[in-house]
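Enquirer: Each chain, letter by letter, is given below.
There are 2 protein chains.
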Amino acid sequence: MRLSRFFLPVLKETPSDAQIVSHQLMLRAGMIRQEAAGIYAWLPLGLRVLRKIETIVREEQNRAGAIELLMPTLQPADLWRESGRYDDYGKEMLRIVDRHERDLLYGPTNEEMITEIFRGYCRSYKDLPKILYHIQWKFRDEIRPRFGVMRGREFLMKDAYSFDLDLESATKAYNKMFVAYLNTFARMGLKSVPMRADTGPIGGKLSHEFIILAETGESEVFCDARLVDMPAPGEVDFDGDLQPLVDQRTALYAATEEMHDAARFEADVPEERRVSARGIEVGHIFNFGTKYSDPMKALVTGPDGKDTAVHMGSYGVGVSRLLGAIIEASHDENGVIWPEAVAPFGAGVINMRAGDEACDAASTDVYAKLDAAGLEPLLDDTNERAGAKFATMDLIGVPYQVVIGPRGLKEGKVEVKIRASGERHELSLEDAVNRLVEGAFK
Amino acid sequence: MRLSRFFLPVLKETPSDAQIVSHQLMLRAGMIRQEAAGIYAWLPLGLRVLRKIETIVREEQNRAGAIELLMPTLQPADLWRESGRYDDYGKEMLRIVDRHERDLLYGPTNEEMITEIFRGYCRSYKDLPKILYHIQWKFRDEIRPRFGVMRGREFLMKDAYSFDLDLESATKAYNKMFVAYLNTFARMGLKSVPMRADTGPIGGKLSHEFIILAETGESEVFCDARLVDMPAPGEVDFDGDLQPLVDQRTALYAATEEMHDAARFEADVPEERRVSARGIEVGHIFNFGTKYSDPMKALVTGPDGKDTAVHMGSYGVGVSRLLGAIIEASHDENGVIWPEAVAPFGAGVINMRAGDEACDAASTDVYAKLDAAGLEPLLDDTNERAGAKFATMDLIGVPYQVVIGPRGLKEGKVEVKIRASGERHELSLEDAVNRLVEGAFK
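Sequences listed follow chains G and W, in order. Take the position in the first sequence, starting the count at 1, then add 620; the result is the number in the numbering used here. Take the position in the second sequence, starting the count at 1, then add 620; the result is the number in the numbering used here.
Since the hints were made in silico from the structure, they are not lab data. Just so we're clear, the structure is a prediction, and the values are computed from it rather than from any experiment. Note that beta-carbon positions come from the ideal geometry of N, C-alpha and C, so glycine has one too. Be careful, since some hints might not be right.
As the list claims (entries may be wrong) - With a Cα cut of at most 35 angstroms, we get these calculated DSBU-like pairs of lysine-lysine: (1) G:Lys-1033 with W:Lys-811; (2) W:Lys-989 with W:Lys-811; (3) G:Lys-1030 with G:Lys-632; (4) G:Lys-792 with W:Lys-632; (5) G:Lys-792 with W:Lys-989.
To be verified - Incomplete in silico selection of chain G near chain W, CB under 8 angstroms: (6) Arg-653; (7) Leu-689; (8) Ile-716; (9) Ile-737; (10) Tyr-741; (11) Ile-763.
Modelling step: build the complete structure from the supplied sequences, incorporating the hints.
Expert: Here it is as structure tokens:
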């Protein structure tokens, strides 16, 4: 992408209404624009990152055997009357009446609708097990939306739902999502820690939150350092036994503020391994059995010919929230430092003197080569002064920057700057391109 | 994808409430499920096609230089009060009140919001020209939603908006979208005809509808046969002069029922080239000048230092509607016949006797090879009887089917069936795979 053709409205001032760094940086870097309280437009830069996060979430869901569908944003109220949640849900549910006076709502979550879909088609144990998911916009009418996309009202969520004949099989589905989540967040460059959670209004017994550690996180968390250092499982056989991978983690102490037990923490974790940090919830998984299938009569016939309510679980990832969470975990005073896997552009090319024949030619050449190699480069071909160009490239967090100026070019040199470390390398044009394409600076 | 793991709830009976063939087939093939009047869940098969269509639309928008962003589904009513459309829009607009008694609405289109975004950042002719687009769910509270996704209430639309200093430049943007649309629909295997259109409530002078021809189309259209036969422009320089490409088409007679002038049709088009057919609207482009920028004060400073309201246009494609339209244009009595570019699976592998060692091995082998070659195959590894497997594969419209049975295998043979023509080829396993990978049956 050439910056002169892109739409990147960066702001010079930090907006005064943004309290946390991710919100400030997303506004300054021209990633989002508020359209109403807690409702944002995703500007081109923000959308590019959102799509990368969404793709990682999708790929890891697919790898775990989950099947994607897409439920609508609006739902009929009657579905929620069946489960009993229509009256319980309170003012966070955005209730809507259509022109025929029928009650609709903007889905805050989809347990009811997926149960309705399941019961419409599946009636036998032979249809099981099944994990269905979608990535769709949700709405929760938060009383005080704040912190940008971290606590917005219209937000993008991945929610998966599992269907099994019994608790044993449902636990396998739970474990698949548990492992998929570890891999998902690791691919985004995040350290995520699963913590036993309160099941809240969704109900059920088995539940974990996935918390990523960030100095500016929203809440305090406590855990064993071994959990933080443990690498994600990576490639595993999702049809195999995942219980050991799960047990290995759940055996170690980890708790959010609400679930924290200081005495147990001290008893179970030696002092040198006690991590007390700040965290951000980015995923939440539940096994809630027949909480919805019972009232909604989602029954399956077992091998014994008897009908039983299907065992279910639900598994959420805050896709739009992850943008904020990643920035909270990875930034400095100059801007965002994107982990490569979610960076909006893989490399930046700064033409220090647009209009200068040699600079233009070299910049276009480097840009074309990085583009052909699939690095999705951004070429700053504008007439801004050099300082502004550097500042913008740092602000938007492009991982590698190739700086092309008339002085260096005379000696056939360009500068490669690594955003995360600030390191600079003076290289020939050819070396710069080759090393970037090889991933030599990773 | 293995069918035993997929979620493909095909129906044996044609649902009685579906009046048109695309609606019937989408329900029967397990592509959609109605959740409320005009509100559908996209089941996995339908979603796969929807995503392919979306991707083609996106690629052609990008190629034309349009920049993607994403506006939220909900909008503040105040924006529409600025343009004056809040009261005008009538009951098709779904109006919502949030917990703080603020008026919101589910966006039926985005002229107001994109104008608000533009004016928030762009104030100079140097920021122009710009084409911004998004692909987002919209809602129109149709009084009688019908025909499945062809006239639903919650629907996916691509809408682009152009910003220019004057009409001359705005016409260039218009021409870019005109050409991009021809290419977009052609890539989906559709014959699209641009027809001069009434501008309706969006306003403006220059407007075309893009109509695809389908025997079961919703309305009657009239045009010169040369328009139908004219190939799409294909690769063009979008920075170059596109006017000749546009003129070449707009010079020929083409009109929908409402705009039809029988006398002119007969005068302008020789009898043998007079096409009178049925069509479906899948795109609509408008140049409406300063209709929104005037009341909303989206001003830009020109090179002369004077402020003028920015010239705008809007350009819509009915992404979810296209699924229905493609099916209307391409089906037979056995089901859908997907054009390859949008087919949910590139090839089907039918294991005629799941459980038979030789059949299982050969099927898995063919499946793995087609998968590795990027054909996105679907392997029917279920225990259904052969007739049901054939019927399902035809119903869901997979372009090529590899039928693997015990009898053929004894002679090392499998059968390849071409869905569109019904042709069958008896081939060795190796030949079948190689020819499919080469695209030899196209």
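Enquirer: It remains to establish, for every hint, whether it holds in the given structure.
Expert: Evaluated hints:
As the CA atoms of Lys-1033 of chain G and Lys-811 of chain W are separated by approximately 52 angstroms, the hinted pair breaks the 35 angstroms bound. Between Lys-989 of chain W and Lys-811 of chain W, the direct Cα distance comes to roughly 33 angstroms. Compliance with the 35 angstroms bound is thereby established for this hinted pair. Distance restraint check for Lys-1030 of chain G and Lys-632 of chain G: the Cα-Cα separation of roughly 33 angstroms lies within the 35 angstroms cut-off, and the hinted pair is therefore satisfied. Restraint check for Lys-792 of chain G and Lys-632 of chain W: satisfied, since their Cα atoms lie roughly 33 angstroms apart, inside the 35 angstroms limit.
In summary, the hint linking Lys-792 of chain G to Lys-989 of chain W is supported, as the alpha carbons are separated by about 30 angstroms, within the 35 angstroms threshold. For Arg-653 of chain G, the suggested interface contact is upheld, since its CB lies about 6 angstroms from the closest CB of chain W, less than 8 angstroms. Taking 8 angstroms as the C-beta cut-off, the interface hint given for Leu-689 of chain G holds, the closest approach to chain W being about 5 angstroms. Interface restraint check: Ile-716 of chain G against chain W, minimum CB-CB distance 5 angstroms, threshold 8 angstroms, status holds.
For Ile-737 of chain G, the interface hint holds, the least distance from its beta-carbon to any beta-carbon of chain W being 6 angstroms, beneath 8 angstroms. Given hint, Tyr-741 of chain G at the interface with chain W, holds; its Cβ is 4 angstroms from that chain's nearest Cβ, closer than 8 angstroms. Nearest Cβ of chain W to the Cβ of Ile-763 of chain G: about 7 angstroms, under the 8 angstroms cut. The hint holds.
The structure fails to meet hint 1 from the earlier list, while all remaining hints are met.
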